[in-house]
Structure formats: C-alpha cells, structure tokens
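Using the sequences and the accompanying hints, generate a full structural model.
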Amino acid sequence: MSALLDVEDVRIDFTTRRGVVHAVRGVSFSIDQGESVAMVGASGSGKTVLGRSLLGLVEEPGEVSGSIIFNGQQVVGSSESHLQPIRGLGMAMVFQDALDGLNPVYSIGSHLMEILTIRMKKSRSEARHEALRLMEEVGIPNAKSRFHDYPHQFSGGMRQRICIALAIGLRPKILIADEPTTALDVTVQAGILDLIRRLQDDYGMGLIFITHDLAVAQQISERVLVMYNGEIVEQGETREVFQHPKHRYTRALLASHPAHATSWRDLQPMPESFVLEA
Amino acid sequence: MTIATRSSQISPLKRIFNSPKWEMFLASPLAIASLVWLLFVTFVAVIGPIFVAEQANHQDLLLRFYPPFTLDEGVSYVLGGDSLGRPILLQLIVGARTSLIIAAFVVGMSALLGYAIGLYSGYFGGWIDNILLRLADILHTVPSMLLALVVLFVLDPSITNLIVVLGITRIPVYLRTARAQTLEVRERVFIEVARAAGASHWRIMTRDVAPMVFPTIRTLAMLEVATVILQAASLTFLGIGLQRPDVDWGMMVADGREYLRSAWFVTVFPGIIIVLTALAANLFSNWLRAVEDPAQSIHFFSKPRRQKAE
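Taken in sequence, the protein lines are chains U and E.
Using our numbering, you'd call the opening residue of the first sequence number 6 and step up by one each time.
Using our numbering, you'd call the opening residue of the second sequence number 18 and step up by one each time.
Keep in mind the hints are simulated off the structure, nothing from the lab.
For clarity, every value in this text was computed on a predicted model and none was experimentally measured.
If a hint is listed, it holds; no wrong ones were tucked in.
Under the rule of at most 20 angstroms between Cα atoms (straight-line distance), these lysine to any residue pairs were calculated in the SDA-like manner:
{"id": "1", "chain 1": "U", "residue 1": "126", "chain 2": "E", "residue 2": "220"}
{"id": "2", "chain 1": "U", "residue 1": "127", "chain 2": "E", "residue 2": "220"}
{"id": "3", "chain 1": "U", "residue 1": "178", "chain 2": "U", "residue 2": "62"}
{"id": "4", "chain 1": "E", "residue 1": "38", "chain 2": "U", "residue 2": "112"}
{"id": "5", "chain 1": "U", "residue 1": "149", "chain 2": "U", "residue 2": "130"}
{"id": "6", "chain 1": "E", "residue 1": "38", "chain 2": "U", "residue 2": "154"}
{"id": "7", "chain 1": "E", "residue 1": "38", "chain 2": "E", "residue 2": "56"}
{"id": "8", "chain 1": "U", "residue 1": "127", "chain 2": "U", "residue 2": "141"}
{"id": "9", "chain 1": "E", "residue 1": "38", "chain 2": "U", "residue 2": "153"}
{"id": "10", "chain 1": "U", "residue 1": "126", "chain 2": "U", "residue 2": "86"}
{"id": "11", "chain 1": "U", "residue 1": "126", "chain 2": "E", "residue 2": "224"}
{"id": "12", "chain 1": "U", "residue 1": "127", "chain 2": "E", "residue 2": "217"}
{"id": "13", "chain 1": "U", "residue 1": "126", "chain 2": "U", "residue 2": "94"}
{"id": "14", "chain 1": "U", "residue 1": "126", "chain 2": "U", "residue 2": "178"}
{"id": "15", "chain 1": "U", "residue 1": "126", "chain 2": "E", "residue 2": "221"}
{"id": "16", "chain 1": "U", "residue 1": "149", "chain 2": "U", "residue 2": "134"}
{"id": "17", "chain 1": "E", "residue 1": "38", "chain 2": "E", "residue 2": "231"}
{"id": "18", "chain 1": "E", "residue 1": "31", "chain 2": "U", "residue 2": "153"}
{"id": "19", "chain 1": "U", "residue 1": "126", "chain 2": "E", "residue 2": "217"}
{"id": "20", "chain 1": "U", "residue 1": "149", "chain 2": "U", "residue 2": "131"}
{"id": "21", "chain 1": "E", "residue 1": "38", "chain 2": "U", "residue 2": "111"}
{"id": "22", "chain 1": "U", "residue 1": "149", "chain 2": "E", "residue 2": "36"}
{"id": "23", "chain 1": "E", "residue 1": "38", "chain 2": "U", "residue 2": "109"}
{"id": "24", "chain 1": "U", "residue 1": "178", "chain 2": "U", "residue 2": "72"}
{"id": "25", "chain 1": "E", "residue 1": "38", "chain 2": "U", "residue 2": "151"}
{"id": "26", "chain 1": "E", "residue 1": "38", "chain 2": "U", "residue 2": "155"}
{"id": "27", "chain 1": "E", "residue 1": "38", "chain 2": "U", "residue 2": "110"}
{"id": "28", "chain 1": "E", "residue 1": "38", "chain 2": "U", "residue 2": "157"}
Shown next, in the form of structure tokens:
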C-alpha cells in the first residue's frame, strides 16, 4: 500500500541570470498517517523550499520536477484549483516568522472565523464555537475576551499559537512545521513544541518538522531526514540515526552539537568541506 | 453569548457612539474641528445655492470692489464685492457646490481607478504590470495641465469634460503608490499563510492586500482634494475650465489676481476657504488613518505627552 505522502526524486531549480541554482537535488521519502518526521540540516540545505513544494507553493523562478503524491493526487505541476483542496485541508503549514503570520488589519477571531466558514463550510455560530475551542486548545487563556483582539496585542508566542490553531482548525492529515520556534525565545519554544506534539497525537496527524536544531528534532520525531546541500544524506529512526550515524555529515553535525558533549573538549567544529557557501 | 450579541442586536447608531473610535474622536479636537468644517462646507454646498443662486450673480457696478466687514449693503456684501460688484459671500456659497463636485468626482474617479489598477498590477506583475506602468509613466511625463489644455480646447470646456480630463491625469499618483505598497505587502508572511491555507490569488488580493493599501490611498485622496481644486482653478484661469456664469473657488481666486493690490479680499477669501477645506480634509484623513491602524490607535488613549517628534 502506498503511503499518505510519497515524494519521489524531487528536484527544485531556480533559474537566475547568473545560472541555475539546484536547491533540491533528487529527494525521495514518504510519510504515513500519524507519523512524525524531522527534517534537519543547515540553513541553505533546501529544507524550507522542499517543505513549500509539498503544497505547490514554490513560485517563479523556482521549478519543481519529480513527483509528490499526496493521498493519490499529484502535486507537482497541478493547477491552482487542484491544489486548493490539498492546501490547508490535506496538508497545513506553520511558518517560521510567527510575528508576521497574521494580517494586522483583522482580529484574531476573524482570522479563525474566515478559515472555518470558508474552508470548512461551517455556519457562523458553529465557526464561533469552534474558533473559541481552538483558541483554548492551543493554550490562549481567556479566549472569549481575546477573540476581538488584534495581532499586535498578542505576543510572538501567542501569535504562533494562533497560527497553529489556524493550521489544525482545518483538520489536515499532515502538518508541516517550518522552523516554527526559531523566532521565539527558548522558554516559549518548549511550550510550542509540547503543543505541536500533543496536537499531533490528538488529531492523528502526520508531522513534518523542519528544523536546524538537533535537540528539537530528537525530541519531536520518530524518524529523521538529514539534508545536506539539497540532498537527503541519511534517513532512519531518530534514535538509530542519533546513536549510530552512518553518513559522515551526520556524524560531523552531531559531534558539533553541545547536547552530545560532556565537556567542551568533546565538541568538534564542522569540517571546512561541509560548510555551505552562504 | 457576548460575541453573538455584539454585532447583531444593537442599533448601528448606538454602535458608533459606543465604539472606541467615537471616544478617540472626542479626544481629538483637531479631528472634531476638521469634521465640523467639512460637514459645514458640504451642507452649505448642498443647501446654499438653492436660496442664493439668483442674487449671487447679480451685478451692481456701484458696489465694485466694495470693501468687506461692513453691513451697510446687507449680509450679502459682508465679505465685499468683486470686480463686477457681485457679492463675494454668495459667490463663495455657489462656488462651493461646483468646487466640491469637481473635487469629489475627480478624486473619486482617479483614486478608484488608480487603486484598482495599482493593486492588480503590483500583485500579479508580469507583462500587464509593465504595460500599465509605462502608460502611467507616459501620463506622468506629459504635463497634466498641457494635456488638459489640449483636450479641453478640442472638446467643450464643460464641467463633465473637466472632471474626466483631470480624473485621468491624476490616476498615476494613486497607481504608483498602490503598486509600490502592494509589492511590499505581497511578500509578507501572512500572505504565504493564506496561500498555504488554500486562499486564491484573487481572494488574497482583495481581502488581505487591499485593506493594507487602502489607508494610504485614502490619505492621498484627501491630500489630492486641494490639488484638484487648484488645478481646476488654473484651467479656469486660462479660460478653458469653467465658464461664467458657473463659478468655483478657483475661478474666484483667478478673477481677483489682477486686482490684488487694490482689492485683496477678492482673492483672499476664496483662497482662505480653499486652504481651510484642504487642511480639514488632510487633518481628518490623518486622524482616520491613525485610528484605523490598530497598532497606532493606542496613542489616542494614552495621555498625550509633549515630546519632540522623532
């Protein structure tokens, strides 16, 4: 039986005036319902653009080739109208920059209401109930009194919680989280990670968690994909990969991470040859 | 449930008076003064000419350049008489209607078209954007007065033609602003969030981008009110704008220019009215912009501190 999401030999190229940039060079993986996968790699390794391509969000001059099949439907090369049921309802996405993730001219409540009435076809009163429930679900205290507040009245962490509520409100089968905690400080980070993990369990969603933070990846995923320079250099059970890394890049990555060192002498700088040109 | 009752059961008028915007309005004397002035001018423009149109064009050469601030000739001549002895006060009242009609239609037409085209052009880009932008460039390069001159010379110098010509020449102002801001808003994260949730381009353009651009366009439009009144006046001055017996404020300013040394009041009174109206429009639009922006409106609640602006 085929998996919920099947990615086959995906390549993403950006044609610029100064030549073609191969951002992703032939990546294959698959995800089943309820599974959680972390995609780790340094910045510039192509993980974000890969995440975006899953929803058909790579814009000109980017070009995606290969095959991305979600629930039996091809994403690569599909028209807007074919992508619409996949976006949000099939796979939802939480973005990195939480501070700017909500439109400043609409209240928090109307963000949630809009998505629920239009995408989920709920009546206004149903949507209102559901919006309040979602706000409570993602841990907004006094949801009722904050319903009419505007994004600028929310802190960064709370805005990200609302973005998560917007994503899970559509009951997606897979949640793609693109470094959702990078813009937030460490204490808030832990709360958001807990929230995502809990919601994944409760809703039975698949999770693709994109991060450059190995500790976070280890915490949140069952399986891990290590990306380097547009390719997946290693994938497998998270525990297995972290304990017995096979690829030398993974080994270098782990050796340079403080969480795996008992003293500073154990830390190994990333070898020159692996450092990507920024 | 409180949220449910909020929008449906209270009458609209009550909602205005209970809203925080009304409180902010009351807290801002400038906004009150501007709105009062604008309403007053509009009221006069609508009602006034019904009663005084006849007398406003009554010429009395004995009252040529009749000095202002005396009541000997009745209230009509309290602001003096012009070069043909017509009462300036009544001319102002009749001129208000023409000036406001021209300003409203020109600004409304150019703002609406410029806003819509700018949004579309900025959001979708591509070759359409290029063509539209070059067209705007061409319109901008040809001096708008020259274009208006030629068109009005060929067609009749009627109010309708004046409005259409001025309206078209003012489009680029809004188009460029709307386009520039759309380009900026288009790249923000919440647009991508909307895309990822399955919103169509059309929906994003009208629901997410347009309201972000609107306050700027509105402020610009209010600023343009003054420009348009003056442009209409210049055309009138050159003799191809309005024709007597039609009158607007600009025409009155133009009429008095020759006599500025001997009879200052012929120019100054309509001039003051133009400035006041333009100023009120600007101040009110600024207030509105500040209030509509939720992040800025907080300053209206906090105590005003006299600090040097940054």
